[in-house]
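Asks: What follows is the residue order along each chain.
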Amino acid sequence: MSKNRRRRRFTHPLTYVPKPVGVGFVAMVSLALLYLWMGHKCTQYSEEIKRLDDQCAELDNERVREDTKWNGMKTAEQLDGLLVRNGLLMVYPNAAQIVRVSGVSRGLPTEATALASAGTGIVRGATRVASVRTVR
Amino acid sequence: MHERLLQWRMWFVGFLLVLAMVGLTGRLCFLHLGDQEPVSRPWEMKLSARRGTIYDRNGDSNPMAVCLSYHQPFIDPQAVKPKHDKFAIATFLSQRLSLDRNIILDCFAATNARHQVLQAMVDDRTCREIATNRSISGVGWEDRAVRTYPQGRRMSSVIGFVNKEREPEGGAGIELHCNSFLKGISGRIEGEKDGRQIEIVDRRTSYIPPIDGASIYLTLDNNIQYKVENELQQVAQEFRATGAWAIVEKVDTGEILAMASYPTFDPNRYYECGSMDWRNLAICVSYEPGSTMKSFTVAGGLNERVITHDTRMDVGRGTWFFAGHVLHDHAEGIIDTSTALSKSSNIFVARVALLLGENRLKAYQQAFGFGSRLEIDLPGEASGVLRMGRWGELATSRIGIGQGVAVTGVQMLNAYCCLANGGRRMRPYVVSRIVDSQGTVVQENHPQVMSTPVRPEVAAAVTRMLIGVTEEGGTATRAKVINYEVAGKTGTAQIPQNGHYSETEYWASFVGFLPAEKPVFGVLVVVERPHPQHMGGYVAAPVFAKIAEATAKYLEVPTVAPPETEPLAVAHPPMRKVP
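Line by line, the protein sequences are chains F and U.
With the first sequence counted from 1, adding 152 to any position gets you our numbering.
Counting from 1, position 2 in the second sequence corresponds to residue -2 in our numbering; the numbering is continuous, with no gaps.
If you're looking for bench data, these hints aren't it; they were derived computationally from the structure.
For every residue, glycine included, the Cβ atom is placed at its ideal position computed from N, Cα and C.
Hints are not guaranteed to be accurate.
To be verified - Facing chain U, from chain F, some residues (calculated, C-beta under 7 Å):
hint	residue
1	M180
2	C194
3	T195
4	S198
5	E210
6	N223
7	G224
8	A228
9	Y244
Unchecked claim - In silico BS3-like pairs for lysine-lysine, Cα to Cα no more than 25 Å straight-line:
hint	chain 1	residue 1	chain 2	residue 2
10	U	K549	U	K476
11	U	K542	F	K226
12	U	K189	F	K202
13	U	K542	U	K339
14	U	K514	U	K542
15	U	K77	U	K189
16	U	K514	U	K476
17	U	K514	U	K339
18	F	K221	U	K160
19	F	K226	U	K549
20	F	K202	U	K42
21	U	K189	F	K193
22	U	K189	U	K42
As the list claims (entries may be wrong) - The calculated label-pair distances, taken between Cβ atoms and stated as ranges, are:
hint	chain 1	residue 1	chain 2	residue 2	range
23	F	M225	U	V445	41 to 47 Å
24	F	D205	U	S447	50 to 56 Å
25	U	Q91	F	L204	28 to 34 Å
26	U	S447	F	Q230	41 to 47 Å
27	U	D248	F	V253	24 to 30 Å
28	F	D205	U	T122	19 to 25 Å
29	U	T436	F	V178	56 to 62 Å
30	F	L183	U	T107	49 to 55 Å
31	F	G233	U	T122	26 to 32 Å
Take these sequences, add in the hints, and give me the full structure.
Replies: The following block contains the structure:
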């Protein structure tokens, strides 16, 4: 008898919390944790978006800077200077020196005809053969 | 008894916990849903739009003006943490920013000023490297957009420049004329910052992204412009001229292919020269055209049938007394209309002007575009001077030969291109199209006929006469271009000073087009105050020839004469007959 009484005395205290109160408590804690987790994720995502935005802008700026640097290197003055330093003299070809390769035989439009048909005006590049002389 | 006490304690602790949770939840709801004062600081930032790029006619491969984003550092001596060494910071910064260390140390020493800007433009990577260095404090950053012109002085008189203010605005040229398109629309961020002045990103209330400025595509060609500017500089230096300008225009469309002025300026450092150097002389200087005006008097005479190309007049021995004044001439004896133009006869053309009469001559000059702005898409265009009141016979005879009238370079070239284009005058323009940051074309210029002052056969007849100017016996044999027939006219006009024409100061000019039988482009060259030579045929005509030859080859204008050399190769060799 006394043994039974002693065992009843040391029953775990949580068993005294009513079930609805316990469930409510757990639910509230869960909601609070969920709220905190969601808030944290939102902050994380927004910071990630901002970081990527900044990176995108940074890369774009870098691209523009590099483009500008490249354009500064290939100005007509620079190219003329390089030609002179290397003893080259370039002149525009005469009409007879220009070789036009027609795309008809291969059934493909040449770059020149494609440009001309696109209405870009002056046709450059593909049709031009520059006369190059070496000056010593 | 002990069990009851334990149970009571459990209930009490549980009650307290629930109370705390309810309190916290209530507070949470109040903070998030309630209408209370915000704890963090509201924050607003303007997002600057990137200024649009300017390209030449070759498109994206040739940007003439671009906007680069940089960070400019500034020093706040009071913000330097006590644990940091100013000398070490200055050494580090001087290495990264390529600045003199003493300059940075001076900034740290001046403790009164909290915002001392360093003259350095830093890219994002270097900025981040310095900003994240934990041994550096007292350095702040400002975002700066720097307008850069990669080609330097090229096209500077057309493109203009942007001022160095925080809100960049166009100061001249296309930068000014198309400023509203180029500058874009600023954006804005509204949100909150925490106590460390860092944005709380998820509390942004508004984000309006900036709309970058539109890109401008010019009709000018960088390669032709290079040639024109080089030739202009050479002639101005050779003849010690105070100024010079040249234009290349496409005859059938009115597109300006090149437009150059001398002296010029570097738009990257526009503030280093005076405002007079910023001018686009080709559109803002009105000059007396001299003999180049004679073509229009003759064209008017032919169009009104007061003369024909066979009309002959006796100009005597080169001196004509009329209305109490003497008019001298290079030509002598009986000459026809063609000879009058090729020899640039003053007396012949002055008589044609009188035959035409004041009103008709004035009407023709207006129809050719003189005396009013052409509304070219550039700022600062002058209208020239064409007197509106009664002229009288003396003035009529003189205006007919290009005295007492002032024109701009673009007016004169446009009028010649009108003759080359069968009498149809096209509106000149330098902006081909404007494309916004999304790639949509917001404005596009197309060829537009402004007037038709003369009949096509008259334009063709005058063109044939103008070919004689560059042939043997003409006034501009130096304007000849190998393998092309050139039509053009020289002009040598005295500069008026203090109410009289100067005997030593002149405008030397040449204007023409080629190939004469089927013109593609026209070129005008004007040299102001050349010394010691001053004749248009001697000073300006050779420059015309060099520019025209290079442009014709560049544009692959078909030649009229037999080719100079044998072909290097043929694309399709003739088929061999099979026996």
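Asks: Which of the listed hints are broken here?
Replies: Hints that this structure does not satisfy do not exist here, as all of them hold.
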